[in-house]
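J.: Chains as they are written, first to last, in numbering that gives the first Met the number 0: chain A, 0 to 358; chain B, 0 to 510; chain C, 0 to 281; chain D, 0 to 287.
Since the hints were made in silico from the structure, they are not lab data. It is possible that some hints are incorrect.
[As the list claims (entries may be wrong)] Below are the BS3-like pairs computed for lysine-lysine, each with C-alpha atoms no more than 27 Å apart in a straight line: (1) K102/A / K174/C; (2) K63/A / K3/D; (3) K371/B / K440/B; (4) K128/A / K67/A; (5) K371/B / K135/B; (6) K193/C / K107/A; (7) K174/C / K96/D; (8) K109/A / K193/C; (9) K62/A / K128/A; (10) K40/C / K105/A; (11) K10/A / K174/C; (12) K174/C / K86/B; (13) K247/A / K109/A; (14) K165/A / K179/D; (15) K193/C / K149/A; (16) K174/C / K67/A; (17) K102/A / K117/A; (18) K143/B / K51/B; (19) K10/A / K105/C; (20) K151/D / K285/B; (21) K134/B / K509/B; (22) K263/A / K220/A; (23) K134/B / K51/B; (24) K5/D / K8/C; (25) K99/A / K5/D; (26) K25/B / K105/C; (27) K96/D / K105/C; (28) K252/B / K492/B; (29) K3/D / K105/C; (30) K179/D / K105/C; (31) K105/C / K67/A; (32) K128/A / K193/C; (33) K40/C / K285/B; (34) K193/B / K342/B; (35) K96/D / K8/C; (36) K91/D / K2/C; (37) K179/D / K91/D; (38) K3/D / K174/C.
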Amino acid sequence: MNLIGEHITYKPDDQFHLNDVSFNFKKGNLYTILGRTLSGKTTFLKTIAGLLNPDSGNLSFEKKDFSKIPVWERNVAMVYQQFINYPHLNVYENIIFPLKQRKLSKDKIKTDVEEALKTVGLIGFENRKIQELSGGQQQRVALARSLAKKAKILLLDEPLVNLDYKLREQLREEFKKIFSEGMSQETILIYSTTDPQEVMELNGEVIVLDEGKVLQKGPAKEIFENPLNLKVAEISNDPPMNILKGLKNSDNLNFENISIKSPKHFKNLENQNYNFGIRASEIKLDDNGEEFEIELAEISGSETLLHLKKGNSKLIALIEEVMNFKIHQKVKVIFNSNKFYAFNQSGELVSSPYGINNG
Amino acid sequence: MKTIKTCVTALISALLVFSNVAYADKWSDQFPHIKATGDIPGECSYESMSKKDYSGKTLKINTHAVPVMGEPTALHAEQFAKLTGAKVDVTHTPAGDLYAKAMVPFQAGQAPYDIVFGFSNFINDWRRYLAPVPKKYTDMKQMKDVTPSHIGIASWDGVMYQFPVDGDRHYLKYRKDVIDNPEYQKKYKADTGKELKVPTTWKEYGEMAAYFNDWDWDGDGEKEYGSAEVMKKDDLMYAAFYSRSAAYSKNPKTPGGFFFDLETMTPLINNPGFVEALTDWVAATKYVPPGGINFGLGDEIGSFGGGQTLFSFSWDDAFVAAMQPDSPINNKVGAAQLPGSTKVWNRNTNSWDEGFNQAPFFVWGWAVGVAKKSKEQEMAFDYLCFFANEANHQADIGIGRFGVNPFRDADFQADVWTQIGWDKDIAQSYVDTLAEMEKSKNRVFPLRVPGTFEFNAALATAAAKALAGQLSPQAALDEAAKQWNDILNRVGKDNVRKAYSVGVAMEDNKL
Amino acid sequence: MEKLYTFLKYTFITLWTVFIVAPFLWAVSTSFKDFQSVNSKVTYIPWLDFEPTLEGWRVLVKSPARGGVDIVEPYFNSIFVTCTASLVSIVLGTLAAYALSRFTFKAGFIRNNDITFFFISQRIMPPIVLSIPFFIFLSTIGLLDSLLGLVVVYIVLLMPIAVWIMVDFFNRVPKELDETALIDGCNPYQAFYKVVLPNSIPGLIVAGMFCIIFGWIDFFFAFILTFTEVQLLPVKVVALNSSITPWWSLSASALISVAPLIIVAFVVERYLSKGNLSGALK
Amino acid sequence: MNFKHKFVFLFPGLFVLIGILIFPIIFTIRLSLSGWNSYTPEMNFIGITNYIRLFTDDPRFWESFFRLSFLSVSTVILQYIIGFALALMVWKEIKFKRFFRVIFLIPMMTTPVIMTVIWRTFFHESLGPVNDLLGHIGIGPILWLSDPVIAKFTVIIVEVWQWTPFMFLLLLAGLLSLPKEPFLAAAIDGASPFRKFVYVTFPLMAPISIGAIIIRLIEASKIMDTVFVLTSGGPGTATETSSFYIYIKGLREFQMGYAATLSFTYLVIMIISLTIIAKVLTKLMIKE
């Protein structure tokens, strides 16, 4: 009773949008698709919805060949990043639209809609016009419409990306609640995003997508702890993981003009050139550290992002407080060497602070 | 009251000189249009038509725009329908499109119209689609009265294709109140040393027009100008050019063609006669009203008829419009033959023949035919015959906007015109002018050959370029002649010669 | 600076308004003139400059036998032909435009853009190119000189406009809207008429307006393809152009023929003012 | 999206159009290879004789074509500039906004063949109001219709009057549908109105501008009624345009075969040049 995709490839105009993607989604689970813009996330969701027909590969749901079933009979629901509602209908009409389409009884429609409205917190807004709502409210309507439908597959395509920061935070919290409490165990929930933090918070099964290819599959924690390669490390971290080319010898890790003591978990690594990775949050200000020059300092929320430079090495450090820096100011930082990753020359993970366990 | 009116009408009518006894009758009660004469007996009179029964049948007519020709067509259609029970549908089309409007369906093998109005020079292109006028009609009394030149224009090689309903020619119109004004005569003599009189040559015409140009000579506070002419490059302007050329190029000593030399089919339009005429015409652009170089016939009529110019020459319309009771120059205009010249080109000797020469141009006029493919030919001819019956004709020619002009011997009588309010001497000069043209032995007839439109359009384009100063007269006419040769080659010299010989025969007084 | 801009703005707008209105004012004045008041000197104001007459207007309803043109029937013919052809063009054009905006077509080297250009290119042809073939075409199918025949021809003239406007419009309607409808259980036809169409009213209004305008002002085809049974307004009015150009009745007819379209202008403006002519979905 | 249903949407319109047009186009091509005229109305086959005539012996057509290019390009440019200016002016709040908007729309709703008669009387050199009014302030008389150079401008004036509303409406509709964000951003940056126009409004309006310009070029190229009624192509041949010339050859002189040749050649040239113009405009106006 699963949604199974096998070797799905979609390649219009000789460009891969999906490249040999396979998956097996189980009911009652949440799957997040993580990838940068244009990585194929939307294509992936649209293929499941039936809006796109893959050029090759199989897609089946509940043991039926899904590709034979047109969109309008698939019983899926989808929420887009651009708050898509029916502008000519009011909130209530928007939500009952799919239900009417399925010719459900009036009573059933009524209870379903009320339930959905309650879930998204739009009770009292039934007669509002869509244009009169804020972006967040519009997205709630879209969500309510999807929920009321009680579809077996619910697709959410970066639903929060077009909202401002605060609303995003707030809605994300609500989503988490809705997903954990409001969803039927019959539903497969697929959520796409570019935001690694969202992936972590939603804490579902993750598929990392890049250029139409699946880079890594697994639980959120696993992706975070053991990104399979540089690409994943980059995609699954915001700010992206710092990558420093360097040489490991028996004791030290040597970068261009920095030398750091090699961490314990590197002890089995051969001494050679690696791409060392370290998260921005593992770089701290410390007067005993290496001196870097500040190229740019960004304050976001309660954090400060420092773009640092030394010689040809560039780094981003995340300071968990708001501080004022001047450009070209010199600061000293230290690296939490216990949190170093090592990727080999072809970019594959060879050592991780959380212990590597892939074959 | 009504009886008094009828009596008065009858009385007036009785005084008229028509050969028929005119009286108000039951027909004029029913059809006020002929109240002046009542019905006049004849094969196509109201009386005769009322005996025909065309009920259930439809007659379709394409005619000119309202009112010129369009209004009488519609009016007589209405009368005809009342008399015979037929349904008559009339469509009105601007002059420039009459040809195409009939030609497109003709060539597609269709006959959407039973009757098509057009110009008499369409005859060569149209005749293969038109039914000849049956003998029954050509033998009628009303046809016997038509002047020979108009029978000639309506016929091709002796077969009549167009039913005569109108007569047309170009002649000179002038402001009598200026030309006959002793003060202006004195002033003109003093200033130029010449007599102010009705111009007999184009040179005199030009001198007077230039003299009376761009100043207020009638004291109305507005400037007046020398001459109003059709100079806009449309379907009529080349007629104005031929009118101006006739005197210089139609040499009675050189028969055998005005437009072409019939023997060699060489275009003659770039010979010195035509060049002289075009040179005159280019000079004329100096004494026309502002924008006069863009005048069409309508502008010419409006300009002269509105009292803006001293001279005008072309169809009757401007004269008749000027003589309407509400016209500002009512009874202030005179008619005369087109001016002549003091020399005429002799293409045989390749030199100018000195001496006065004048040649009237029997420009085309309204013509009408019945489609060969029409299923209602009898009804169609009856309609045309009715259109031109004597009662209708006499009523029509008195109404300026109808555009129906004299073409019967009976029309050339001053009384016809004095009864509608013209001064006697004006009426006399008018009918004399027209009658003299009919008598002339040095006439020019319009070009009626395959490709007439191409020839005329090529000439018009060249003349227009000369008027606009784009080319010199000689260069313009050389260009036109070259194009005429091209057209000749496309159409085939022999085809053109064969057709042209018909017109030349009329010009050479052989028909 | 701001003040100067405002001043220039209002000056420009005023001048343009004068430029637009001037010929109409002239037409209004001229429509009350007669031969006399037109041809002797330039006159402007009735009673002051010239003695007004209603003749120019009367001509339009008089029978030709009385020197008029009787435009009543042609007027309704024009309305019928214009509206019918516009409606059909809009329906067919909108469907085609939707297809061209939403789906991908491939046939040899032909792509969506080429098909769209094919539609639009129909308007490149000068009417004269088409007049004779259309004449023969209509006479073959027996529709010459009929309202239906004109409707057929006008569809060719108008559909390209409808396609052009609507492709442009649909391209600005997010395609996620119809996708959502499909996901919500509509088949493509239902998605089109339940969701896309109700949200395309502004586009349809503009397209409809252009169709009506281009249909209403056509002279050439109406002229070539009709004889006696059917006459359209412009053809009938042009038949006033006799040897004398009757300035007065042509002015009256110009005013009368533009009148119904002014209503269209108001409708369009209303949608513009509501700000949703093309922005409904932004 | 790709469904088999797509054909159901496209085909009715496409096939109706093709169905009605296929005959005329084939007929025109065949006609262009014939010598059909008033005296030999038949589809004889004369090969490419007509085309040879057109390319070797008909300077008047080519002159008319270049004149047409001048007239249509200059009218469209003027219409675009004025239409855009007007649209910008009544875009935002302004007094009597609705009144102006309606007024600005009206000219395009007049029938050219009738309205141009009004223009002819309007510009009548001795009986029209323009020269009369100018005369009062000591100017003129200007030969609006009978001077070879001025007449071209008169044609342009009338065309601009008639069709600027078309541009105006499309551009105004475009302006009204612009997203607000870029303007907010520009306002925050404190951009001057001029910079706002150059860097925000104009780029955003580029796609709709290109569409409007191309369509107007197509329509302006057919300019005929105006020329026909105003000047009949005169004085001389100073205002003759291609379609008017084709009309003369076809329906006046009835050289149907040759007119078809002109038409077909014209069509091919227009399609090629419009395609090029569209490409060039896209390159010039959309920088990506």
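J.: Can you name, in rising order, the numbers of the hints this structure does not satisfy?
T.: The structure conflicts with hints 3, 4, 7, 9, 10, 12, 13, 24, 26, 27 and 30, although it agrees with all the remaining ones.
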